[in-house]
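As given, the protein sequences belong to chains X and U, one line each in that order. Numbering-wise, the first sequence is residues 17 to 442 according to the working numbering. Numbering-wise, the second sequence is residues 29 to 201 according to the working numbering.
A few of these clues could be false.
[Stated by the list, open to error] With the Cβ distance kept under 7 angstroms, some of the chain U side facing chain X (calculated, not the full set):
# : residue
1 : 50
2 : 86
3 : 138
4 : 163
No lab work stands behind these hints, which were simulated from the structure alone. These numbers come from a predicted model, not from an experiment. Don't be surprised by glycine CBs; every beta carbon is placed ideally from N, CA and C.
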Amino acid sequence: MTLVFTGLLSLLALMRMPLFIVIAAAACYGFYVQDVNLSVVGLEIYRITDTPLLLALPLFAFSGYLLSETRAPERLLSLTRAFFGWVPAGLPLVAFLTSAFFTAITGASGVTIVAVGALLYPALRQSGYTKDFSLGLVTSAGSLGLLLVPSMPLILYGIVVQQMDLPIQLELTDLFIAGIGPLLLMIAMLSVWSLWATRHQREATVPFSPRRVGAALWQARWELPLPVILLGGIYGGIVTLSEAAAMTAIYVLVIQVFLYRELPLRQLPRVVLNTCVMVGEILLILAVALAFTNVLINADIPTWLFEQVRGAIENRYVFLMLLNGLLLLLGALLDIFSATIIMVPLIVPVALSYGIDPVHLGIIFLANMQLGYFTPPVGMNLFIAGIRFKEPMTDIYRATWPFFLVLLAAVLLITYVPALSLFLLK
Amino acid sequence: MSWSKLRVILHHLENALLVVLFIVVIGAANTQIVLRNLFESSISWIDPFLRITILWLALMGAMVATRERVHIAIDLFLRYLPYRWRIWIERLIHLISALVCGIVAYFSARLVWMEFSDATLAFASVPLWLCEGILPIAFSVMALRFLLQAFASSREMLDKDVLKQAAQEKAVT
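Looking at chain U on its own, in the form it has when it is part of the complex (with noise of 0.2 angstroms):
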């Protein structure tokens, strides 16, 4: 199988499982609300598996962001910098980003390990650490997307770029 196929398959996983996630939060807490006001009861583990979830739905939210180049960020005068220098700016940015996430992955996987040594749990019989594990995998996916964004070839920046405006203008029409 090619690489840009896997990549395909790989995305539409990653879109399923948050679409998936995010039903299951609808559904999760109008439950609550009906057992609450209905039948006067409640799951003791819902509240707590809302919160993480958001938690998860948030990061998995940001890899996509980062896959599609959408990230919120200033610009206030790179769009006004000749093509040829803003591929090269934003190669520098993508570089630094990627390391960023990194370093936010490192010490997150340790803090994971250290939960996975300490055997905290979050809530029910879950572990905190796995919980948490969302934390450096995200972060490390932003960073290897980071990495392959910064070393794309120009004519890729470039289209991406001119994708990305098309695609907000559409997102606007």
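Here chain X stands alone, though its shape is the one from the complex (with noise of 0.2 angstroms):
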């Protein structure tokens, strides 16, 4: 019986049944066959208001969502570009550290393709860049940033990994400290490649111009602060992190409506909505699994995958290997937030049995999920790229594999040294 509904639904699961509805329906059935009173699923999903960090996702998603319906992606370009546009293959180095940033700043929705992406992609061609290494390059660089702070995967996975039974803490700080250099070396490695890549077809270079750095920072005078707010405040440890979130909210919304006028009033109800649509959804999916976990955890299923698992691999890196194809597959598959909170449970206690580090597995579970993002060829950033840029699938493929390549060494590296990530801490 259990194998057929399992069955059917994960047949629906795949047809476009709403997610929640999927982990709600096994929720639901699993308590009904434990005999376990349903009520205990409402009490389940109103357990999330136990997290105090939850407040941090919708703010700081509401900051985004605004921040990319204004002017503000073409400002930090320009601010970018005024201090590396100097160097050779200066605009690749740009269009990686621009979009870094923004997808920091806005959660990690896809969002950056189509806001920075759309800036940077006529840039590059009118630099002389080919077609497939603009493409390739702003669809590859549009998931770049899923480790810097405040990407709400990384906060998010924070969240799951606290609301776990472990017998060791995950301090949110440093997740966010350990995320810096496995971003840095995604860049360099980018920008190495981009080099070689274009070493027949090199731009010509604005030579530095302290006044063009002038007008760009005038320009951008007030967003300059938010890193101040966002960075100081938590790697600083002044604020919390939900304490930041809604100072940057509100600092953005009055800078955007009041200061640069790009948004205007009417306009916020809708950024609110789409806001609360997406934060609603993963949090929603994040109560539900809570309320399934417990009908795992009573059916004793991580006990037994946790021992299937130790029993069939020896060896440490062996299952971290598995564990990059699992995640790759899974991060082409399922957005990142839902992966997030249906995966991150089950892998987290057998990976501490092999000895790693739970701030070193979520950076290689978010590296995973980066490279995801545009894993031919299903990756979200795929389809994204080809409605945006208006290109047939077959093109931004071809176009996106080199940096898919190189980007997979580098979550490689991130794997297998976990000095890369740890070096910052303790």
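Dock chain to chain to rebuild the complex, using the hints, since each chain is given by itself in its own frame.
This is how it looks when you write it as structure tokens:
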């Protein structure tokens, strides 16, 4: 009976049944079979109010949506260009940095390709880069920055791990610091590859000019304090994450609506609605997944899975290799939030037993997910790029794969050299 | 008043409530920061209020997502099927979704009733049943919406689908 139910539900799940319905159905069925009163489902959903950190998600998402509705991406781009436009292959470097920052602040929902990529792509083409190179660069840079605060997947990983009953405590700040090294490695490797790939199509570099820098700084004057509010607050430990999110939200709201005046007040409800729909969905999946996790625990499934994996795999490197494969596949199939909510509780206990640091595991998890965003044939960013730049999917695949290989190498390095993530800690 | 007119008004109300609640969250969270850092005091009920409001926002966001049919879902092969099949599979999925939401709504209503009888307080003098009240409401509304969508005319289902695609493309440009 359970087998038939699971089979049918999985089939429906792959045919566009809303994911929260799939998990809720599984939870209800599980509790029913285990003779538990189904009111527990309601109680479990309500339990997400025990997590004060959750406040950070809608507030950061709101700031991100708001920023992408204004000309903030343009200002960010001209600022980065003024600073780094003079180095060889400067524009690709500018593209990587701008995309990373923007993805971090918009919470990694594919909006980077739309907001920043749309500015970068014509700029790259005008500077003489080939269509394939430009397209591949913009598509693959679209998910860069997942490892940078305040990216929502990073926070969500922390929340999910803290929800679990683990022998060790995970500090969110550690996670935020651990992401920096791997992100810099990715940007460095992509830049080196870009230098090599474009050696025959050198762009005319613009000489560094203090006046340009000054002008770009002046343009972005209201947005410049943002990193201070964010990073100073979080890394400095002055305010909590949720407080930093609240301050960011009100600050972004005030500067974009009243100082830059780029978002008419009547557009604000739409931004709020978009935010609530996206975050509501994530939180609802998180809530029903909490209920479902209890069903799994009642049925001893995590322990069973744990023993199966431990029995089959001796070596930690073999485990990591299989983990890479699994996560890559998941990243291409599931959106990153659902993947985090569903998979992290299952993976973390097993990984811990192989002596993998939960902070390092988070970085591995998210780095793989980042790659999943543009893993052919189903990575979400590939489709977004296809629609946005009006190119056939086959062209997108062809343009993206060299960048994919470079980032794959980076992800493998990050996986097998824990020091890359952990060297700034302890 | 016609049904469709009433529906538009209800949608506006739903949106307005969501937006007001969100602005209140931003305001309350920042008030707390100012109080804590400048005046070294704080209002004790703001933190639980914020946490519970996030649940309300999330569930109301989910209601809107049902209305707009933008739930997160995996489409591995539905998109390759002919439209005629698609419509019937989607009807079935909407029907099952309505059933699941209905079950959750019923049992969370019983939960709310139990808390009502126990008269537990969530924070300050706000009773727990009131905070949990959003659960049966949101899931009932979603159940109803899924049900209506399951029995919508084929044309409406198709149009919505095309509209959604158009909206996605618009969101991307």
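Consistency of the hints with the structure:
no. : hint : result
1   : 50   : holds (5 angstroms)
2   : 86   : holds (4 angstroms)
3   : 138  : holds (5 angstroms)
4   : 163  : holds (5 angstroms)
When each numbered hint is compared with the structure, no violation occurs for any of them.
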